[in-house]
Amino acid sequence: MATKVVMEALSPTMEEGRLVKWLKNEGDPVKAGDILAEVETDKAVMELVARGDGVLKKRIGKEGDASPVGTLLAVIGAADENIDSIVSGAAPAAAKPAEAQAAAKPAEAQAAAPAAPQEATQSQGEAAAPTPESPAAVATPPAPRPAAAPQAPLPPARSSGFGSVAAPSAAPSDGRRTRSSPLARRIATERGVELSQVQGSGPGGRIIKKDIETAAAAGVSRGAAGKAPKAAEPRLITREGDYQDIPLTLIRKTIARRLSESIGPVPTFYLTAEWDAERASEMRAQLKELGDEYKISFNDILIKAVANALADHPEVNAWWMGDHIRHFNRVHVAMAVAIPEGLITPVIFDADRKSIGQISAEAKQLAGLARARKLTPEQYTGSTFSVSNLGMFGIEHFTAIINPPEAGILAIGGVEPKAVVIDGQVVVRQRMRVTMSCDHRVIDGATGAKFLLAVKRYFENPLLLVI
Amino acid sequence: MASFDVIFIGGGPAGYVGAIRAAQLGMTVAVIEREALGGTCVLWGCIPAKALLESASIAQKVKKAAEFGVNVGETSYDYGVAMKRSRAVSTQNSKGVEFLFKKHKITTIKGTAKLAGKNAVTVKGADGKEEKHDAKKAVVIATGSRVKGLPQAGLELNKTTVLSSDEVLVLEKAPKTMAIVGAGAVGCEFADVFNAFGTQVTLIDVAPNILPLEDTDCSIELTKAFKKRKIDVVVGAKISNVKIGKTSVTMTLDAGGKKTDLEVEQVLVAAGRAPNVEDLGLKENGVQVNERGFIKINEKMETTAKGIYAIGDVAGPPMLAHKGSREGVVLAELLAGQHAHPVNYGNIPNATYCHPEVASIGLTEAQCKEKKLDYKVGRFPFSANGRARTSGETEGFVKIIRDAKYGEILGAHIIGSHATELLHEIAVARENEFTVEEIDLAIHAHPTLSEAVAEACLDSLGRVIHA
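Residue numbers (the numbering used here), protein chains in the order written: chain A, 3 to 469; chain B, -7 to 459.
Honestly, the hints are just simulated from the structure, not real lab data.
Please note that a few of the clues may not be correct.
Claimed, not checked - Looking from chain B toward chain A, a few residues come up when the C-beta cut is under 10 angstroms (computed):
{"id": "1", "residue": "GLU148"}
{"id": "2", "residue": "THR152"}
{"id": "3", "residue": "ASP395"}
{"id": "4", "residue": "LYS397"}
Idealized CB from N, CA, C, for every residue including glycine.
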């Protein structure tokens, strides 16, 4: 089976490329991944690699010629294979759009792939090795190595009709305006379709009515892509200046889209760790001895630890806004409180700037108001991160569900004595298991792990929380 | 024996426009034509008919000249002179195509073509000699259509008393009486012409309205205008008892439960056209036709035989010059490997050049009802338009049908002076998915007939200003 070598979209904005130099001759044996030629894109000179094994049967593209993405440049086949039909079929454009689309895929996969693994490597270098179930493992399952990603068999063209044949151009790159017709915009607004999520099939990639209808049918609504903007509106009590809006990079968009497609509106992964609560227990005990007014809970210490860590890691103290990510400069931690009717999440505003004592008092008061159902909306909206604790119910370990548009929630299990090995000795220590649920559109595996390490550091050394 | 990239069979508006576009894109092109260049449109349709209609228009205007303070004295009308002028215009246009071919180095081959395999065509010249020509990329059938008469109604064309539009276009004088069978665009236009030249015209159609494909409101408005000019309009009519004599034709019309006998000097059969598919060697070359005799094509204008394409009338209705031309352009671009914007069959304008003119695009109100669309209608009469009043052409209106929710322009129907020119604002709007609001937002010059288009859009929004 012969493999076509086509001009690939080697950069997201690339519409055509110039074949600079062939690096293989006709008749050369090639393996998938071998560099066949150098191609100059709109950004740089890149390598065009083989997508199949065999012999480079025929070079069709000429050195120095520019050709649109999708153009047939060469054919790889078995040494004795007849490829005349493929070569003669090169001229009519009939098959091209499909090829262009297919060619765009590996580039996309490439964009998505490096994200998690690379960061994971970094974090391994910087800090303690992540637990096996954390960062890399829960990140994007495909593409073990960035270089290998493009060789993976191409997925068949999506049946939803995204980016129909008429649209050769890739999705508009970051910073470029999305082109759309007035009618398309109107229907998109009405049906809650995010234009940035839609690939246009009109002239020059313009989004037209048909594209919105296709997208709406495929569920690319704001709701499906993340409930962010809609859910966010009533919660916008933070002032401008309290946050920075981070435009979505292409890789971030790709991660967001691909993961949402895979797992649902909020592509969640989980990071679990077990922390030592010995010092926190000691601190509680000492404070309790000083009198009832100094009594604090593990939860209070945790909220403070989380808040301080969030202040250090704004990338986790963030909201998914659909078309961008919002990093907050202020830390508002919500705590889940069980009430007979269900669940409510009152907020401790600016928790990083409050003492554990203040947090403790506020938490008690808020929990009381919650149970009495007297919370005002201002008291339970506007959080930037959430904490859920089921330790008091004897739960050792659980996962919590993200409260959109927030990007994470920390689930806290009970503090229990456990046998652990410290300095080669089996000793009994107070231990606590936590699991953080992360929205992968905002938080990558390593990012979440780094944040958890920061919380751990504060929690295991609670003196840091009082200086 | 010569070799080309593309050979077009037929030099009408589909073939000649496709040929020019193909030449622009660097292909070597030949056009085989047995008559003069320009096809039915230039030689026996659009162009000569519009030249005659211009004569009719002047005849109408002269009748009203005194009202405008212009006394032209005694007037007389000479169809023969009008006809000769129309032939001159036609010839001039045909020469224009010849010039364009020279400019684009397109080879014209005189003769009758026959398919000879997917890459070749044989041409039989006037001298009976046959020559074979190669087409490396494509053979394009653009042989058009022809008048076919209504033998099933007893109206066999005989070139003296039962005529087709071909013969009517070269009549030396207008008959005293004429029955026009078929009240589509051709029938209505000739009714207009002969009425202006003093013929007593009976316009007959089996459909319940003249211009049966247009919005019923336009048909009714045109019927009123025709009746005012003493054109006898007989619709819902069955023709029987046809007797064709040497100098007259008699028939019985059965309409509305009433039978009337009609005797006329000449009958113009303005219904029925047949695709020119004979003697092309379609069957031998694997080119299939559909049940109505048109060549089967797909959206890339490919026939059922590889390397053979079909465009224009021969490839199916609507049999309009501009539809064929667009197919020619798109095909040429596809053959050149471009991502051509596909032919938008839902946005092809219809134009009838009688007085008042009738033009339309998109859906009629009846079609909207049939599709159960939620729509709103906006109307604006030319009697309320300043520019129309100044020229004394206050017949007719603009009717806009828009989607109730999104404002999409579902259809536009204009009857009135210059309707065929006014329509293109809507054609551009629809092609770009502008809604009625964008039409209104564009400032329309005052006083112009175009204001009526904007006002009709406003009327559909319940905001009409001048009515």
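We went through each hint and held it up to the structure:
no. : hint   : in the structure
1   : GLU148 : 45 angstroms, violated
2   : THR152 : 50 angstroms, violated
3   : ASP395 : 9 angstroms, holds
4   : LYS397 : 7 angstroms, holds
Comparing the model with each numbered hint stated earlier shows that hints 1, 2 do not hold.
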